[in-house]
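Protein chains: 2
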Amino acid sequence: MTQPARSPLAPEGFPDLPAIAGVTLRVARARYKAWDRCDLTFVTLDPGTTAAGVLTRSKCPSPEVEWCRAALPLGIARALVVNAGNSNAFTGNRGRAAVEAIAARAAAHLGCQPSDVFVASTGVIGVPLPIDKAEAGLDAAFTAQACGWKDAAATIMTTDTFEKAAVTRAVIGDRTVSFVGIVKGSGMIAPDMATMLGFIFTDAAIEPGLLQAMLSAANRATFSAITVDSDTSTSDTVLAFATGKAGNAPIASFDDAGADAVQAALTDMCRQLAHLVVRDGEGASKFIEITVTGAESDDSAHRIALSIANSPLVKTAIAGEDANWGRVVMAVGKAGEPAERDKLSIRFGATQVATGGLAVEGYDEAPVAAHLKGKEIEIGVDLGLGDGRATVWTCDLTHGYISINADYRS
Amino acid sequence: MTQPARSPLAPEGFPDLPAIAGVTLRVARARYKAWDRCDLTFVTLDPGTTAAGVLTRSKCPSPEVEWCRAALPLGIARALVVNAGNSNAFTGNRGRAAVEAIAARAAAHLGCQPSDVFVASTGVIGVPLPIDKAEAGLDAAFTAQACGWKDAAATIMTTDTFEKAAVTRAVIGDRTVSFVGIVKGSGMIAPDMATMLGFIFTDAAIEPGLLQAMLSAANRATFSAITVDSDTSTSDTVLAFATGKAGNAPIASFDDAGADAVQAALTDMCRQLAHLVVRDGEGASKFIEITVTGAESDDSAHRIALSIANSPLVKTAIAGEDANWGRVVMAVGKAGEPAERDKLSIRFGATQVATGGLAVEGYDEAPVAAHLKGKEIEIGVDLGLGDGRATVWTCDLTHGYISINADYRS
Numbered sequence: 000m001t002q003p004a005r006s007p008l009a010p011e012g013f014p015d016l017p018a019i020a021g022v023t024l025r026v027a028r029a030r031y032k033a034w035d036r037c038d039l040t041f042v043t044l045d046p047g048t049t050a051a052g053v054l055t056r057s058k059c060p061s062p063e064v065e066w067c068r069a070a071l072p073l074g075i076a077r078a079l080v081v082n083a084g085n086s087n088a089f090t091g092n093r094g095r096a097a098v099e100a101i102a103a104r105a106a107a108h109l110g111c112q113p114s115d116v117f118v119a120s121t122g123v124i125g126v127p128l129p130i131d132k133a134e135a136g137l138d139a140a141f142t143a144q145a146c147g148w149k150d151a152a153a154t155i156m157t158t159d160t161f162e163k164a165a166v167t168r169a170v171i172g173d174r175t176v177s178f179v180g181i182v183k184g185s186g187m188i189a190p191d192m193a194t195m196l197g198f199i200f201t202d203a204a205i206e207p208g209l210l211q212a213m214l215s216a217a218n219r220a221t222f223s224a225i226t227v228d229s230d231t232s233t234s235d236t237v238l239a240f241a242t243g244k245a246g247n248a249p250i251a252s253f254d255d256a257g258a259d260a261v262q263a264a265l266t267d268m269c270r271q272l273a274h275l276v277v278r279d280g281e282g283a284s285k286f287i288e289i290t291v292t293g294a295e296s297d298d299s300a301h302r303i304a305l306s307i308a309n310s311p312l313v314k315t316a317i318a319g320e321d322a323n324w325g326r327v328v329m330a331v332g333k334a335g336e337p338a339e340r341d342k343l344s345i346r347f348g349a350t351q352v353a354t355g356g357l358a359v360e361g362y363d364e365a366p367v368a369a370h371l372k373g374k375e376i377e378i379g380v381d382l383g384l385g386d387g388r389a390t391v392w393t394c395d396l397t398h399g400y401i402s403i404n405a406d407y408r409s
Numbered sequence: 000m001t002q003p004a005r006s007p008l009a010p011e012g013f014p015d016l017p018a019i020a021g022v023t024l025r026v027a028r029a030r031y032k033a034w035d036r037c038d039l040t041f042v043t044l045d046p047g048t049t050a051a052g053v054l055t056r057s058k059c060p061s062p063e064v065e066w067c068r069a070a071l072p073l074g075i076a077r078a079l080v081v082n083a084g085n086s087n088a089f090t091g092n093r094g095r096a097a098v099e100a101i102a103a104r105a106a107a108h109l110g111c112q113p114s115d116v117f118v119a120s121t122g123v124i125g126v127p128l129p130i131d132k133a134e135a136g137l138d139a140a141f142t143a144q145a146c147g148w149k150d151a152a153a154t155i156m157t158t159d160t161f162e163k164a165a166v167t168r169a170v171i172g173d174r175t176v177s178f179v180g181i182v183k184g185s186g187m188i189a190p191d192m193a194t195m196l197g198f199i200f201t202d203a204a205i206e207p208g209l210l211q212a213m214l215s216a217a218n219r220a221t222f223s224a225i226t227v228d229s230d231t232s233t234s235d236t237v238l239a240f241a242t243g244k245a246g247n248a249p250i251a252s253f254d255d256a257g258a259d260a261v262q263a264a265l266t267d268m269c270r271q272l273a274h275l276v277v278r279d280g281e282g283a284s285k286f287i288e289i290t291v292t293g294a295e296s297d298d299s300a301h302r303i304a305l306s307i308a309n310s311p312l313v314k315t316a317i318a319g320e321d322a323n324w325g326r327v328v329m330a331v332g333k334a335g336e337p338a339e340r341d342k343l344s345i346r347f348g349a350t351q352v353a354t355g356g357l358a359v360e361g362y363d364e365a366p367v368a369a370h371l372k373g374k375e376i377e378i379g380v381d382l383g384l385g386d387g388r389a390t391v392w393t394c395d396l397t398h399g400y401i402s403i404n405a406d407y408r409s
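Taken in order, these protein sequences are the chains called D and A.
Position 165 of the first sequence, counting from 1, maps to 164 under numbering that gives the first Met the number 0, and the rest follow consecutively.
Position 132 of the second sequence, counting from 1, maps to 131 under numbering that gives the first Met the number 0, and the rest follow consecutively.
Source of the hints: derived by calculation from the structure; they are not laboratory data.
One or more of the hints may lead you astray.
The list treats identical chains as interchangeable, and a pair is accepted whether it falls inside one copy or across any two copies.
Stated by the list, open to error - Taking lysine to aspartate or glutamate and the EDC-like style, the derived pairs with C-alpha atoms no more than 16 Å apart in a straight line are: (1) Lys32 <-> Asp254; (2) Lys58 <-> Asp381; (3) Lys342 <-> Asp381; (4) Lys58 <-> Asp341.
With the hints as extra help, turn the sequences into a complete structure.
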């Protein structure tokens, strides 16, 4: 396929990102596909770095996901290897052997345990990752010059149209700690935990158990609240690494000083990264925020919001800049959650278009039409039943999505 | 929107259908939209006709659906009124008043109870059905010449590109009974019971309780096993009417002579009608049959098959004639049902492409490519876990779907 142009929803440029003490980035050409670009990222993490992660719930996960799932309970990390262009998923023993070979080679280079090495890969499914290319790529990376965040963010991309990264900060006692995250993902994005690949690095000192609890908490309202096409990847992985180089008193529980600030910074980071994925949704021309209120519970609100966000008819209506709120009613009705038609209210932008189970008599269509012509769309649904609420984010469904996916592998 | 061309998956022509004694069809112009076509269908049923139905499970059903739900327990019918171009859904009291007015006027004309009159409407959501147009249309229909099945099948259409009907027969004792069905539906099709509107007529004598049990049984493996876009309509309705004019000894239980033959004919009828809806799926260029075997249960197989059938990435791959079985793995993995990657086998047409959790070494891609170039696609998935099996039917996802739905209301 021809690489589509930079998403119209992409931010102006790449953000200014600080270095994170204890993190060294390198990239190399493993040439997993017939392309002349860096496609292997090798991140070294200084001793003492703690790790946490959330992984796809797919019943057919990649061997990389299984490797990370086995390594996470130890809570420590010395390296991260990311391959682009081949997901190595559904490749049986050969795929598992490739992951083991990568971890072993990186561990030998760093003098650490293979279980200290985290591995992630995305790209085509069903083709075993070639071990010879991976090892040659790693060897090249070991001796490469250290690079910056933008090179790393570019090297993990597949069908992405722009590099995605964010920075947040928090104060712990007398130290300011920084979080830098990079993410990739554009299609096969659905909320069964995550985008495809996200990596977060901080110089804060955080005990691994707390880091895991904080990442899991941050995930639910961020990566688990986005969808591009309802299709959950076999490789979804979000990992967080804390080097401790900021010199703050290590925090180990939510009661420790600074823990709230760290949780806020981590959640903000995850939200920024999740939004960047939606903004690079395959074929996307509109960024859509859907807020459901008045549900019987937050979980119920979340499921109804996703039913709307995953509806092809809602997504195509937005693509057509058509305030077709009847399709929103349909999506609420099919969600299978408690709802009463005659208590339902729907809003596009700031304009109430339906309330009490029917259209608002002669509502002003002008502001609605103007809102839908924009790139940032807001849909609000109130069920009038309880206090449950949730917000999810998605993009519209356009000819671009069909073009990208009807000839992806070819 | 401009009416799209006849679906490439449409059958050659319209079938030869027998008259059903006790059923009289009439059509008229209510002009629910700015079009010059018949859009109101009035079916009279002779006294003694029994009725059964299955209705959408949407939490936001149309008042027509609520009306039918209330009338069905009585099990008898004297008339059916079908409106095209306006679903009357989400219109509050005005919508309910329109349905009551239609039933009252038809009942007065026939000298029956309003509850003997079934009403169904499809089209745009949120616009109250204009009572004056409905009553004028009814009055015109009362005095119109009786028409044939094709006229009725055409009059219930909205975005459909061809008239859909089928015939089946069964022998009860010394009588042969006939079933004739008509159906409409093309978008907003998802398996939460049914297509949008389906009507089945038979001259058999069947007690209403048994007719309902038989229709519900037939529905599960037919209308509930199709999906075009995963979007469940607010108006889904399938009704069956038995006039008893064939003179067979009325059947009242599954143990009665001929009951098995009638169930088979009714199920065959529902399957034929369901397939016709998929063949008119918005933008469809391929008819896809997905069979899942080796699941832990039939229900589990059904959910996994629908996860594949509703996957935009699977549907776009088929549109691109790409044997991208990795996307099938993804869809199995995301279904949330018991599955073991390393026991999974996948087949396109007759060719096994993956087994035991990895690609079949050097499988012959030629027959797969040839199969995908056809209009009838078969995907087989074996989970290797148990005896559960299910088959569902869908169509591919093409630019046509986007074009139709990005400017439907406009």
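Now the hints, each set against the structure:
no. : hint              : result
1   : Lys32 <-> Asp254  : neither (48 Å within a copy, 64 Å between copies)
2   : Lys58 <-> Asp381  : between (34 Å within a copy, 14 Å between copies)
3   : Lys342 <-> Asp381 : within (8 Å within a copy, 45 Å between copies)
4   : Lys58 <-> Asp341  : between (39 Å within a copy, 10 Å between copies)
When held up to the earlier numbered hints, the structure conflicts with hint 1 and nothing else.
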